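Those protein sequence lines, which keep their order, are chains A and B. Everything in the first sequence is counted per my numbering, starting at 1 for the first residue and increasing by one. Everything in the second sequence is counted per my numbering, starting at 1 for the first residue and increasing by one.
Quick caveat, the hints were computed from the structure, so don't treat them as lab data. These numbers come from a predicted model, not from an experiment. One thing to keep in mind: the hints can contain errors.
Some, not all, of what chain A presents toward chain B, calculated at C-beta under 8 Å [to be verified]:
{"hint": "1", "residue": "Arg70"}
{"hint": "2", "residue": "Thr74"}
{"hint": "3", "residue": "Val98"}
{"hint": "4", "residue": "Thr109"}
{"hint": "5", "residue": "Ala121"}
Glycine residues also receive a C-beta, built at the ideal position from the N, C-alpha and C atoms.
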Amino acid sequence: MRVTFTVNGEEASADGVWAGESLLYVLRERLGLPGSKNACEQGECGSCTVYLDGVTACSCMVAAGQCEGRDVRTVEGLAEQGGEGAERRLAAVQEAFVEMGAVQCGFCTPGLLVQSHDLIARTAAAGRGVPADAEIREALAGNLCRCTGYEKIIDAVRVAAEREAAEAGEAV
Amino acid sequence: MTAPGTTRAPAGLSSGTPDGIGTSPRRPDGTLKATGEFAYSSDMWAEDMLWGMTLRSPHPHARILGIDTTGAIALPGVYAVLTHEDVPGEKRYGLEYRDQPVLAFGKVRYRGEPVAVVAADHPETARRALDRIRVGYEVLEPVSDPRAAAFDPDCPLVHEEEPPEAREEYGRRGNLVRHQPIRTGAFASGAAVEELRARAGAVVAADYEVGMQDQAFLGPESGMAVPAEDGGVDLYIATQWLHVDQRQIAPALGLPEDKVRLTLAGVGGAFGAREDLSMQIHACMLALRTGRPVKIVYGREESFYGHVHRHPATMRFEHGAMGDGTLLYATLEIVLDGGAYASATPAVVGVASSLGLGPYEVPNARVDAYGVYTTNPPCGAMRGFGAVQACFGYESQMDRLAAELGMDPVDLRIKNAVSQGSRIITGQEIDMPLPMAEMLRRCRDMPMPPAREELEDPSDLRTLPGGTGNTTHGEGVVRGVGYGVGLKNLCYSEGFDDHSTARVRLEAVGGEPAVTVHTAAAEVGQGLVTVQGQIARTELGVERVTVLPADTRVGSAGSSSASRQSYMTGGAVKTACEAVRDRVFALARERGTIPAGHSGEGLSLAGGKLVSASEGVLASLAELLGGAAVEETREYRHRPTEMLDPTRGQGSSHTQFGMCVHRAVVDVDLELGLVKVVALDAVQDVGKALHPQQLAGQIQGGAAQGLGLALMEEIQVEEGRIKNPSFTDYLIPTILDTPPMRIDVLEHPDPHSPYGLRGAGEPPTLSSTPAIVAAVRHATGRPLTRAPVRPEDIAGIGPRRP
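Please take these sequences and the hints and turn them into a complete structure.
Structure below.
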């Protein structure tokens, strides 16, 4: 079958999709977007987390056919596109992950970034600024990391949220 | 949007930061990893590639009667179906013993052993092809009990043929892969344990068990093999050691090594699980047969069958001490289940025996360490490598002894602690600083987390065992505190020719000096790529350093194992940089930049310039070099080590010792057996912290894996079958399971190593497990002799299994 949906702001189509193919497979193998990772294929590890219509989901658990006409945003779409030829500006959470040492092997990073990005946005939208550590732990409980012991990840999310909050404050 | 038209392959990593060793520059692959562009082995892609897939044995032990592939090859979209008959060269491979078939022939020895491989145009086609392969089996009795495999002369043999590399001094016989005895003091002169027991003021003896742990890296085994025009093959692969893969792949393919070229693709974690081959030979065989690129990516379930695990261990310890707590003697018998193939079992036995009694002064020691073949899943390297299992046992014994003597467990450890100048039970002197007593005191003095009643909201479910599962509101919850200390050898041991190679090139690019570092060392997430750049900047005073992708066009770097790469590849990069620097000095003398007759005293490269301590800047490097490039390649070796002698286990078998001390604080729900780790704080001596931020990541990440072993991680094997091959059933710590982890890093330099550094990745994985179990014991008062601790052990409702 042919599946058409929006990915990171652009329309994308994939032909010859088998009924059993997941959104993750189509992103990685048919649309040239391998950023979302396949680590468990059961929705346990969160490495394949994407936004689907603005809500985070494990793309390994979503059939590609279900995505017809919908809006998908992957780790590749977190950075803001600059103008023609300009360098992309990393999202605050991407910048913070690299800076704070939250990235080791990096296989969990794409999923954690999307989930953290969502947490920071939700916290800000609720007017609560920076999430508490307990909230960060709760929000990221579905994302496994085997390298870091999570300490640096919590640091990175906190720093990114603080920066976004400061930036929003300046903008007001 | 269109599908990509080019092959994705690793790119060189540049870093523009000025930071040298001792600082924490950003890792050069960090941004690519955060944008999703970093090319992992499972991301490899080529226009005309095929998917490879593996048929695995459903039986732990069976004779193969016949394999019929006709149904599979007839399926449209299938390009090749291969069995052992198609292996072009050597039919067996292995890290130490060549005892493992590329594809099974004769019989299968574990459930999940590869029997056939297929290549097809879609993963689903490949899966259907596997269903159409018919294999006839005559099921044999599995060899499931490692103690029977070791000691029962009537136990069936797992391997009827003797592996050609089996060493006589390892005492190999029957199902025994290696037996290493150690005898010191009275035991060396044949004394019986009863004589020592009679002299002791306190004696404690117990059996302990450690379950089979999985490395559970997140990036499953994967890679892509591309056939080359010269009849060879290019393999893009996630591994820990490119050259040892090459050395095993080439003979199996019947090709010379220079026709099997490996490039490291992005590695999604390793922790020992990538020391052995998985899909490497299979992908190469399929690519050579079909003439097309072949990609193989294991799923999570397959990954549980696709790599070796940590050896499960059964241990019997006895410790005897004088009334004041001074250790008089200790004995240990440890049986390590190596599963179907040898993998690293001989070396694991070498570590488990030599470090079996830990970092304590033991005047009379008797150790027997056994590694055995069974038809269980093969076991080999995992972070901590034989030292983890023993550490759980000897630390549990120290707590038991302290209780028996009525002593504080930390005081008892301090009383018997090794230090510089001590000898471990192999007679090897610890000839580097090892301030264990100080480390224990510092750990004890670290601030404690607030008591439950001091919390802002003690009824917050998230602070309780069971969490938002709402299993308790604090009733039945008791706090416990425990300590653990671990001693780990760093670098390869027992006479192995351990070395690494680095090629360093210095040239002017666009009027600026630039350094290129090329090694075959595997970046597996630990940050070695950052450290290589830092060393080049420190040694050559140049900001711009590019670390090339690791591949086999440069000499071997050895394995990213045994906490050895900062030491070994760091040492190689440092040595090659020094050689480049000497060449620059020589060039400057030739050109007269360094005046004739200058002694060379006080010359250095700094800030992109050639500098003299007395005269200041002599020249900019870019000017001095002009169009010339200076390139040097160096091999680096640590000091030689010795084999352990086969009867008394004496010998200086290790290069370096590392140590971490942990203190765990836990809250335990006594009724439900649930544990919340509240704090897990560490003191580690690393000699020199090359990159403090990455170092913290190693200590915290290693501690979290030890937490997993203490409380939840176990591959459950029944009659050779893995019962929990998924992340639904094999649990690794989540962010909710993992507590805040404070770190106190000490830097007492090792005079033998580059910059005085000490490998850091493994020690925290040793000490955190016994510390947590000790804390749970403290809270519950139960003996808890098994890791992982199960809820029923804590609740005291007996074993789950009959």
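Okay, the hints, checked on the actual structure:
no., hint, in the structure
1, Arg70, "violated (15 Å)"
2, Thr74, "holds (7 Å)"
3, Val98, "holds (4 Å)"
4, Thr109, "holds (5 Å)"
5, Ala121, "violated (17 Å)"
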